[in-house]
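J.: Here is what each chain is made of, one letter per residue.
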Amino acid sequence: GAVVSQHPSWVICKSGTSVKIECRSLDFQATTMFWYRQFPKQSLMLMATSNEGSKATYEQGVEKDKFLINHASLTLSTLTVTSAHPEDSSFYICSARSRVSSYEQYFGPGTRLTVT
Amino acid sequence: KQEVTQIPAALSVPEGENLVLNCSFTDSAIYNLQWFRQDPGKGLTSLLLIQSSQREQTSGRLNASLDKSSGRSTLYIAASQPGDSATYLCAPLTGTASKLTFGTGTRLQVTL
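Residue numbers (my numbering), protein chains in the order written: chain A, 158 to 273; chain B, 1494 to 1605.
Since the hints were derived computationally from the structure, they do not count as laboratory data.
Note that the structure is predicted; figures quoted are calculated from it, not measured.
Part of the chain B face toward chain A, derived, beta carbon under 10 Å:
#, residue
1, 1524
2, 1536
3, 1537
4, 1584
5, 1597
We put the beta carbon where it would ideally sit given N, CA and C, even for glycine.
Looking at chain B on its own, in the form it has when it is part of the complex (with noise of 0.2 Å):
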């Protein structure tokens, strides 16, 4: 069963810092990887999707990086803004089920 660990919980970072969010999977045989973000008591939003062929993946100010073999995935936000304030969550979809599995999230404050 696909486990998935979101480091750190939460983060408050000042205005402009680079950050880096981390996620971890047991179960390494996916098929993809998606990192969304959500606003409280919103929906989700895509940021990003990487391919497990793929390394990186990156959409203006976010990059996510991907280890498929050691289970591990990066989502790197540069020159962070309040406007990024949200819930960060990763979610891979495992190859055999074809489901999502989705970490419990980093919570992001970004202070003026």
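Same shape as in the complex, but just chain A (with noise of 0.2 Å):
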């Protein structure tokens, strides 16, 4: 159980498109879910939790114009890379926390984004 998937894996976009990323729960309800970026030889870093139903809190110096944030269901949250630049290019990861569980997360196998 507590199971929490990623697509795409992997995606290559060209400079200054956009690219969305969802990550779903696959057998449970997640209240809360998180975005991470990790860039490479690095530890994760948050970049915005989301609560099903409401809009997402950004960490600071996260640009919430360009990390679009959309968790529109209890096992559905969207990350969207608006006017993507080769400096985002990073390793995505999706984490969620169940209501019943004690507040352990769940993560997502991530998703690495080029921009060329």
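Since each chain sits alone in its own frame, please combine them into the complex, following the hints.
T.: Right under this line is the structure:
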């Protein structure tokens, strides 16, 4: 149980285009989902926290107009990178917190974004 | 602001050795602490979750301890195997913000 999926697993896009990444909790309801980014050989940095049905809360320094987050249901959150640039190339990982578990977070397999 | 440090940054051991990974954090007001492993280019796999009221948690060859007051946790791996090679991350959940803060990880290599 407690499986989180992400789609796509990798994506290459041209500079200036937008890319949408999906995060799904497959076998549990997630009241809260989190989006992280990870640069090579670095740790995970939290970008934003989203609660189902409400606006995401962004961490300091993360542009909310560039990284659009939608958490429309208890099993789906999406991250859209708008007008992507090469510096947005990174590994994006989502996680989900179950409404019944004691704050344990389950992580997706990640999405590798390359902007050319 | 919570800060997490993991020592050592990298570790190489021969198969069969027991080893200890260390994690320290600056804000002791945590709700719990999770240990994860990350294989190259992959997401995170949760290994152990230890509640703030617990001192230890065990799963198979893994044992995590927590000393909340001193801001420390250790992950003990018994009888290491090549399949244990990965980066190990600790992440305390800070009580007030309910956010995980990640350390920079320990990159473990278990050799034959």
